[in-house]
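Sequences are here, hints too, so could you generate the full structure?
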Amino acid sequence: MRRKRLWTGLASVTSFMLVLSILGTNCMMGYAGTVNQALGISTSKVVNQSEASDDTTYYESEYGELSAENLQKLIADTYDESVVEEEEGAVLLKNADSALPLSDSETKVTLFGHAVAQPLYKNSSAGSSGYKGEYCIDLYTALTNAGLHVNDTLYEAYASSTTKRGNGSSTFGQEETEWSMGEEDISFYTDKLKKSWADDYNDVAIVMLAREGGEGVEVQTDDEAEGISQLALHQEEKDLLQMIKDSGAFKKTIVLVNSGNAMELGWLDEYNVDACLWIGLPGQRGFEGVANLLVGDANPSGHLTDTYAINSLSAPAVVNGSYNNQNWTNLDEVLDVSEENDQDISWYTAQAEGIYVGYKYYETRYEDTVMGQGNADSNVGSSTGTGWNYTDEVQYPFGYGLSYTNFEQKLDSVEINGDEITIKATVTNTGKVAGKSTVQVYAQTPYGDYEKENSVEKSSIQLLDFEKTEMLEPGESETLTITGDKYLLASYDYVKAMSYIMSGGQYYLTIAENAHDAMNNVLAAKGAGNLVDVSGKAVSGNTENVYSWNEDFDNTTYATSEYTGEEVTNQFADCDLNYWVENSLTYMSRNDWEGTYPDSATQVAATDEMIEVLNGDYYEKPEDAVSADSYTQGENQNIPLAAMIGLDYEDEQWETYLNQFTIDELATIPADNFGTAEISTVGKPAILAGDGPDGVGGTFDEEKYGDGRDDCSFPCENILAATFNKNLLERRGELMGEEALYLGMAYVWMPGTNLHRTPFGGRNFEYYSEDANMNYLCEKVEVQGVETKGVHVGAKHLAGNDQENNREGISVFFNEQAFREGALRGCEGSLTEGGGMVVMHAFNRLGMKWSSASAALCTQIVRNEWGFSGFEETDAIAGDATFKSHFLSTFSAGTNVYCLDFSGASTAALSKQIKDYDDGYMLGLLRDTAHRYLYTIANSSIMNGYSADSVVVSVTPWWQPTMYGLIALFAILEILFLVFLIRGKKKEVIKVEGEK
Amino acid sequence: MKTILEKKAVGFYFVVIAVILAVASLIRFTIWAPNHHGMDVIIIAAIVLGVVLDVFLMIKENEYILILAVVCYSIGAVKLLTNSVGSFVDAIQGINMFGDSSQVGNILSISIMILLSVLASIIAAFLKQIKEL
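Listed in order, the protein sequences are those of chains W and L.
Per this note's numbering: the first sequence = residues 400 to 1395.
Per this note's numbering: the second sequence = residues 254 to 386.
Nothing false has been slipped in among the hints.
Here are the computed lysine-lysine pairs in the DSSO-like style, where the Cα-Cα straight-line distance is at most 27 Å:
1. W:1384 x W:403
2. W:644 x W:594
3. W:594 x W:507
4. L:381 x W:1385
5. W:936 x W:831
6. W:809 x W:936
7. W:1395 x L:384
8. W:851 x W:895
9. W:1384 x L:313
10. L:313 x W:403
11. W:1125 x W:885
12. W:637 x W:650
13. L:313 x W:1385
14. L:313 x W:1395
15. L:260 x W:1386
16. L:381 x W:1386
17. W:591 x W:637
18. L:384 x W:1384
19. W:1386 x L:261
20. L:313 x L:255
21. L:384 x W:403
22. W:1103 x W:531
23. W:1386 x W:403
24. L:384 x W:1385
25. L:261 x W:1390
26. W:1125 x W:493
27. L:260 x L:313
28. L:260 x W:1385
29. W:1385 x W:1395
30. W:885 x W:809
31. W:1395 x L:381
32. W:1390 x L:313
33. L:260 x W:1390
34. W:637 x W:507
35. W:1386 x L:313
36. W:1386 x L:384
37. W:1384 x L:261
38. W:1390 x L:381
These aren't lab readings, by the way, just hints derived from the structure by calculation.
So, in structure tokens, the structure goes:
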């Protein structure tokens, strides 16, 4: 009897283990790519049939062979680069009476603000985890290493406090799951703590304030703490600053802004803050750079890539964007008739602001206020409720940044030759310490009758290009030559010319240290008076730094693509809300600020036609589609992928190579899981991809290289952009490319190219700027840096994914001028001038269509206009969103690959369509995808080591036989225990019968 | 009733605990799942079947039925966890992409309730359900 229970119990245990192992294995197989990536397993290896006569290192590491020793050099360089990026990217916003750098006698400091004990290295998102480990340097350590003595009493109190900042993204396995500002209540500062700085450590109060967003986590416009903008100063922070001020203990108060979003800083004077430094999110080593800046071992040279508004809610883009997205007014009807998930079809945002994002709004309205144009000084959009006034709205303009020294910038010459505008400018260090200076080139293009009649909006000032000097000693000069691309000054006329135009009339070009100074220079050149700087002080502008010329109206030069010769014309008419519902959306125009400023979010009902598009099924097999049999399939001629290395995209040999694939083999390629599986029959190795604008996200192979740490978590992308240093941008790219070489990645998802449409974007920290031209210029050189390593770059997210709130499936409405000059241009430089071979689409819809289903975007713009020959991939389709599962619609629109298609749903859908419906058209698209994907891979560093006689051998990951072994073990045990149980029961029956 | 219970051994009460936990988790799951894209008929069927089998066990002791009940509850619990991998990935990475990280607490609590049913059933399997006279 006892044994029977024992066997029953053991059989129950093994039953549970068997179920667990079977379902667990099934789940792991579904996520095989992710499991392999986490375990650092490649599922293929190269076997060379004979001694390779040719050199098979197609892309070399600049450090020489991939080795333990060279990896250490690379790691050291990435850490050094991080420090320099932070030194050159952090922006000195205020420095009253040269409070910074600290003097040699100012070494005893007290760190205030909970963030000093919980620094924000990076917001939650993909990429490197290097900031979590032992190789991360925090603010405290960095300051101590720099020779400062920190008040440990207060620091320890912060460190042991239960208060924690959280972004509310329910982070599992980490400390915080609740949204919280994470600042201490004033009661935290006990008398004992106050004594710690009253008696000592009172040379300097260093206050660090953090603002946290993240992937899928928009910074709040109406926050859970006080119902105010999360970017505003909160009560606990006010109390803290007041306490420091009232104590009178400190000689200086320094504020560090630890945020990837532009914080509201209109309060600095009120609390007697002497200096303020925006440090962004410094990654794992950036705090060393911050410390160097504070003690004067480095001189700040960073400049803002965003406008810092006094009131973040004053940006017109906020009216419809961020948390002000709207539901269709007939939402119930929409949900009733659609089979899509409710969340994915419920929201829309109408970009009524048009082109006027960031400085393009504030500076344009400033010019119009000064010039008395377009009712610019009316109350609409005013933060004070009275007439709109620039100095009431802007705290620090785009491009702003101070230094410990002074510079004089002189415009030497401007030459215009075709598309090229060559600017020479001389910079002289007129101060007392060495430093670097940024020359920012801005232009104004005409806003005349043609533009007003045809709704061609114009920013009054526009960044054309920039360069940075080398380190200039006091008195030293350097002449910079900057070559701007006139294309970046063209305007898109979607009404009349339906293409890019160069407006006719007077053009102005100027150099300046920020957008507002540039604006004043141009206004002065136009003879305007009543100019003010950002503090409200009267200024006269510098007309000597202005160059002016005249252009004839031109609607032809940029009406064809410079890359393909394709006609550039309207493609996104259906993304304008007015296309669907007449007069439903008024776009803001500088011609009439009062009449066009969006005073409330646009309300609209989705029409039947809109709902039909929302449903996402667009594909119908063309009537003239050829049979699938018209393509050669499975004709294996033993041509490996390595034989295709270096061949032109158009080379006929590609057709022969593709003829080797069966439909099933071809159909595996669109299913990406941070890489794709090997196809050994055609010599295609397994592919691994990285992901992260500020770190490719991987762990070095300890067995191979003797070091198992994470790749570098660099400072956030907007710190990198704020360096205004193209050499640093390019170097970041090169170093990330080098890391990818060690990590075996063929391509990496970076940089982030969306716009800081509002200051609240949860991922602003991994996008460069509010300005599309700035993005264009930054990504061009950073992408080039990565691509030189044979690692391909996939900019993300194309296009319009400028907010995290409702990002999946939200319908984004805009006019074509705003889209082409904004969201599209923000990514364009990566694919065209940058040479990036991969691109990731966005989660949002363009109008009613998901971006990956927009033929206008995926085919017409990316391929036909930009001449892109790489592959296009969706953003992640894993999860539950049905709007991403219309594979035939998206594939026929031009999408090639599906990101994180764990289950191979795209493979199944495409294969079924081709086989069940004899759809040769779809097979043709599949071959095109294979061509694009494999061309990209063949010309990547992943082919290092492969030659034409190499064989790709599949490698079964060790965990798979292990899991199957466990299933077998538990099954055998189960059977065994059941047999014992049955035998025991039989014996029991015999025994009972015997007793009877 | 008292007479019936007097005959029952400790194992019986573990079966009762398993049923109570299973019914409670079933109610929680059926309330939670439709609102969070978590509905899975296999999970419901497995738990319902487990409950039915356990109710049968409360009337008549049977080793095979007990093992089957463990299998049913195990399928329910493990299926819920594997269905929710995306939410766990999001929660670990601190992002909102593959699942719904805000539901990790609910997913875990429901799973734990079902796993406790599994545990109670396994313990019951090692014990007598009817006192030996």
